[in-house]
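Each chain is listed here by its residues.
Protein chains: 6
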Amino acid sequence: MKPVVVTNIPRADRQLIDRLAALGTATAHEAMGRSGLLKPYMRPIWSGAQVAGSAVTVLAQPGDNWMLHVAVEQCQPGDVLVVAVTAENTDGMFGDLLATSVKSRGVVGLVIDAGVRDVKTLTEMGFPVWSRAVSAKGTVKATLGSVNVPVVCAGALVKPGDVIVADDDGVLVVPRKEAEAIAAAGETRVANETSKRDMLASGVLGLDLYKMREPLAKAGLVYVEYKDED
Amino acid sequence: MKPVVVTNIPRADRQLIDRLAALGTATAHEAMGRSGLLKPYMRPIWSGAQVAGSAVTVLAQPGDNWMLHVAVEQCQPGDVLVVAVTAENTDGMFGDLLATSVKSRGVVGLVIDAGVRDVKTLTEMGFPVWSRAVSAKGTVKATLGSVNVPVVCAGALVKPGDVIVADDDGVLVVPRKEAEAIAAAGETRVANETSKRDMLASGVLGLDLYKMREPLAKAGLVYVEYKDED
Amino acid sequence: MKPVVVTNIPRADRQLIDRLAALGTATAHEAMGRSGLLKPYMRPIWSGAQVAGSAVTVLAQPGDNWMLHVAVEQCQPGDVLVVAVTAENTDGMFGDLLATSVKSRGVVGLVIDAGVRDVKTLTEMGFPVWSRAVSAKGTVKATLGSVNVPVVCAGALVKPGDVIVADDDGVLVVPRKEAEAIAAAGETRVANETSKRDMLASGVLGLDLYKMREPLAKAGLVYVEYKDED
Amino acid sequence: MKPVVVTNIPRADRQLIDRLAALGTATAHEAMGRSGLLKPYMRPIWSGAQVAGSAVTVLAQPGDNWMLHVAVEQCQPGDVLVVAVTAENTDGMFGDLLATSVKSRGVVGLVIDAGVRDVKTLTEMGFPVWSRAVSAKGTVKATLGSVNVPVVCAGALVKPGDVIVADDDGVLVVPRKEAEAIAAAGETRVANETSKRDMLASGVLGLDLYKMREPLAKAGLVYVEYKDED
Amino acid sequence: MKPVVVTNIPRADRQLIDRLAALGTATAHEAMGRSGLLKPYMRPIWSGAQVAGSAVTVLAQPGDNWMLHVAVEQCQPGDVLVVAVTAENTDGMFGDLLATSVKSRGVVGLVIDAGVRDVKTLTEMGFPVWSRAVSAKGTVKATLGSVNVPVVCAGALVKPGDVIVADDDGVLVVPRKEAEAIAAAGETRVANETSKRDMLASGVLGLDLYKMREPLAKAGLVYVEYKDED
Amino acid sequence: MKPVVVTNIPRADRQLIDRLAALGTATAHEAMGRSGLLKPYMRPIWSGAQVAGSAVTVLAQPGDNWMLHVAVEQCQPGDVLVVAVTAENTDGMFGDLLATSVKSRGVVGLVIDAGVRDVKTLTEMGFPVWSRAVSAKGTVKATLGSVNVPVVCAGALVKPGDVIVADDDGVLVVPRKEAEAIAAAGETRVANETSKRDMLASGVLGLDLYKMREPLAKAGLVYVEYKDED
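Protein chains in written order, with my numbering: chain S, 1 to 230; chain C, 1 to 230; chain Y, 1 to 230; chain R, 1 to 230; chain E, 1 to 230; chain X, 1 to 230.
Worth flagging that the hints you see were computed from the coordinates, not collected in a lab.
Keep in mind the model is a prediction, meaning the values are calculated, not measured.
Treat each hint with caution, since some may be false.
The list cannot tell twin chains apart, which means a pair is met if one copy fits it or any two copies do.
When the alpha-carbon atoms are kept at most 16 Å apart in a straight line, the in silico EDC-like pairs for lysine to aspartate or glutamate are as follows [claimed, not checked]:
1) LYS39 - GLU88
2) LYS141 - ASP208
3) LYS103 - GLU124
4) LYS141 - GLU214
5) LYS141 - GLU124
6) LYS211 - GLU73
7) LYS2 - ASP13
8) LYS159 - GLU178
9) LYS227 - ASP18
10) LYS177 - ASP13
11) LYS103 - ASP228
12) LYS39 - ASP208
13) LYS2 - GLU225
14) LYS227 - GLU214
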């Protein structure tokens, strides 16, 4: 792995990205055929944010945030910074100074497979972060990594320019070239769900709505009356 | 394990269940002789809920929520849906559509030893969930499990119709036939605690209030003056 | 390990402690040369508290909170109770009665490498707790431990009278005799950060502000244009 | 939970138990419809043991092995001691003295959801143990638990007298009254597997042997030629 | 994610693969610039194996080994089967029947980010496996996945045809097109290490051999005499 | 934390150290009053070693083994190298070259709260290691730490010159100045255990040998006959 910074990465169209943000992770993930999710240990530092943006990727060393400073320069308005680490680590690699810096460049969120600090300030700033940990532990600036190379972040492959969708349910990576199809599929899904939700709210059972009774019986499900064992 | 749905399970009296809800998990758990708690990795998706209800149990396959749809039909107002999985799993097996469905049947909460999704919507709906994880990861509907059989959920045995008590401190299962005795014991405990709390607030030490000084001395506790080591 | 309670421990000056509280963990930890942090699994039960106090230490047995009652008597206004356990444990060793008791003595917070319960009440009381877990699981009072001996809590050595700094980023232990120097170093750091924050907010890059371009190039970092692989 | 020792528990027939031992956990577990396994963190302290026996169950407090001493008296030749703990714990609750004691009573193995110590000696004694951890950490004898009550051990319900099957693949609990049927089903399975193994060894594909090609195609599986992406 | 089987994947030259096997994971990983390792939770089921082979990749559902049967047909002599799962899972997805089948096709090892069973038999067969867990837990055959698509396995991206190197230190993935360069770099490294090993064995310090004294001093390292604190 | 190397640390007498090695961790730990153990995640890379030695301590950065090279020079025959890391890490910081180097200086073992590699070679060399992980992941040499300062390693405080005892049950740290008393207490314990072991082997129950029946009854233990619930 030679340390490298890749410049001028492609990005999806902003309007398309906004459509994915509106879907949220759960719906977009279903629209992708249930792939692309980061592991569920990635949690938001505050609740309620729902964003999408183009991934600027960082591959950093554990306990070393040098490459985050390098990555800032590669960010454009609407980007999401995605930080992977070469070994499991929970150090607080990102705090309020870096947040100030990336916010000034229009970055809409951070996804980091490590720790974050100054979370009270970041929350007050309204800057959304999804991380593996919160930790005051500071880091050194000693060893190179890379920016805008494909990385595995929290178990998912992220290529620079992929669309990151993140909300309270987690973080999803949508390959840039599939983004249009997935947005469309997700929107169809949303349209379908509304009528389903109404039916279910009115008391119709999923068993009937989704016509599950026959396949369940065929698979061998049997119903028996409760019998007290005492 | 043959897949089966047990119908017409018995339930504790609603008034009795409400008494247990009022106690909360910590007090009811003490009243049970400190047994019956699910493991502490079961956390609420939002803070402040305190509920109790009759357990409708589900044994599901990892990554497969088919049996949750089956279970809905077995639910009555005041029930708590309790989902155990045959292998450790964090997939989001329950989301806003299932929540809409169970809410329409009067279910008061979900306890799931796996993941949950659409947590923002569930929070807005005021539907309480205690889960092992939050994850946007969707699930298939392919393999049978069972409904209303005894299950081990997060390390605790839950039989259908047992009373589930859940709040910010965790989740407790109260065997149905012991519920009356435990409610009574817990209420006695609460009554005692009020005066203790007043004493402690006024500065009386637990050492004196609980008469611990003599047993501590007998057990060999000694007091020594601090001596600086430098 | 003979069970012992050490009395009359020394404490840092209150004004000094307040200066450390104002810095917060991230800054004070940097001022210490990036040491002294407890592991990041120690999380606050509610967000926003930022306290500092003198450590009254407890070494307890897993599932046994007898020594916490003993420790209360050793607490003075402004102290932080620090509980270490002889083996990993998540039981709820501290609840609203103990909180009432320590609060009446002026204790400003609890740091416990185990579980805590009655978290809803503790939150309403405004009593801050950093713990490994939340659990309704109660404990026995059967086996002695020690009070005010040096303990390893969540991976950090804490001596009685050391200054504990805790906020949303975690928990830091500042050796009592180094507290003055660390407060001063931290305050210098804060002063420097303000101008840096302004620069970064105005769009100056950290690469330039921290003069990183030359050392990065020297370390071998190269920039290449993105080339689509398809 | 009142502390109690249940005496004169029933046991399955020894010959039946031996048939289950011969099957091993993987086969017996399949014969049970894939239920009854303890969680996979339960690992043998040495490789190669394959035993079965009647469960004498213990519910102990974390860090307290008092009830193990009580349980020894309830053991008969051919039994397996099964220890559950009221909270997660890794202390070494069982060592060479207890092993000497239970071995003198004919106990054939230990299953403990906690730690074990003196593993070198236990290995030399040829005494098999499946545990969550190895730890030299000793325990107190201070608080009661129970013997021969139903326990949840490593996520599985074990009733006294159930048949425990354990080998390098893990630990299985077979309900006593289902043991006969499961042994028979497992033996049928073994008979079938021999010819399958021969077929597979000769190069026949499982796809053909199990007639999977049609259902796979029906489920939508497609085959495409590799195309280099560069 | 549409379920697909990719056929006729490319493979590296067998002689080249053997050179990588001879290097082992630690040396090959250094030769790659310290990248490409699977997470260290991937452990061998028996010690001493050191293999390399071309990756046939599987993306499977948790608790479902249907696609492993599909993958067997795609295997050639010298291949390593690499199984990734769409959600964390420890079920025993691979046992002695599958091992018999893949062995008959010349597969030299299995890397699976899930569980494996029949480990005693697999060990007797001399079939090497690196897995996340050992578990007797069986799996269903109900839901499609894919074969020979790029997968993230235990945190590393594996493309079909990449070279897998595995030994007691873990599992490494070498991109097919970089294999030649990495083998060469590793062999140079080995040549260098031999003389270093001799020097170190003779008592020469690494401090001198690697000329570290000056950079250490420059970085600020100081030496002080021990002073007893009591 | 200023980076420092402390020279000429004191060591316990070799004969005394050998007495502690002969006791092993479980017995020595009991003799210490059940304190001083490192967490049980510290496991030997090969079974059967039982050593003791004087601790030469290292505080290293995650993923950086520079200070291990510095520490070698401080080692004398009979020492144990003890490596703590400033943040949780599993990288392979120690391999066969470092092992060759420390072995040439007479070091008898390594205790490292991180990863180790070349474990096959280390095993062939008969060099014992207790570690948190095995990992081929290599490390950089970029950031200073310290040698021979007090460290917290795997949850235990280790001061330079303390006696480390390690075997298959784990790792124990014996404060240098208490070593004599602990060796003596442990030897008394061993003497007592021999006759106890004989009694237990002959079938005497621990209940009688340790006179537990009366305290158990006093604590409230009751015996009841088994009653089948069906």
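| At most 16 Å between C-alpha atoms: does LYS141 with GLU124 qualify within a copy, between copies, both, or neither? | Neither: 27 Å inside a chain and 38 Å across chains, both beyond 16 Å.
| Under a CA distance limit of 16 Å, which applies to LYS227 and GLU214: within one copy, between copies, both, or neither? | neither (26 Å within a copy, 41 Å between copies)
| 16 Å Cα cut-off: does LYS227 pair with ASP18 within a copy, between copies, both or neither? | Neither: 54 Å inside a chain and 25 Å across chains, both beyond 16 Å.
| request: Check LYS177 against ASP13 for me: Cα-Cα at most 16 Å, and say if that holds within a copy, between copies, both or neither. | output: within (11 Å within a copy, 33 Å between copies)
| said: Reference check for the pair LYS39 and ASP208, CA-CA at most 16 Å: within, between, both, or neither? | reply: Answer is neither: 33 Å inside a copy and 35 Å across each miss the 16 Å cutoff.
| task | Classify it for me, LYS159 with GLU178: is the Cα-Cα distance of at most 16 Å met within a copy, between copies, both or neither? | result | within (13 Å within a copy, 20 Å between copies)
| query | Checking LYS2 and GLU225: alpha-carbon separation at most 16 Å within a copy, between copies, both or neither? | reply | between (66 Å within a copy, 15 Å between copies)
| request: Check LYS141 against GLU214 for me: Cα-Cα at most 16 Å, and say if that holds within a copy, between copies, both or neither. | output: between (62 Å within a copy, 13 Å between copies)
| task | Using 16 Å as the alpha carbon limit, work out where LYS141 and ASP208 are close: within a copy, between copies, both or neither. | result | Answer is between; shortest inter-copy Cα gap is 15 Å, intra-copy 60 Å.
| message | Cα distance capped at 16 Å. Does LYS39 pair with GLU88 within a copy, between copies, both, or neither? | response | Both, since 13 Å and 8 Å are each at most 16 Å.
| Which holds for LYS211 with GLU73 at a C-alpha limit of 16 Å: within a copy, between copies, both or neither? | Intra 54 Å, inter 14 Å, cutoff 16 Å: inter-copy only.
| request: Go through the copies and call it for LYS103 and GLU124: within, between, both or neither, with a Cα cutoff of 16 Å. | output: within (13 Å within a copy, 29 Å between copies)
The structure fails hints 5, 7, 9, 11, 12, 14 (numbered hints given earlier, in ascending order).
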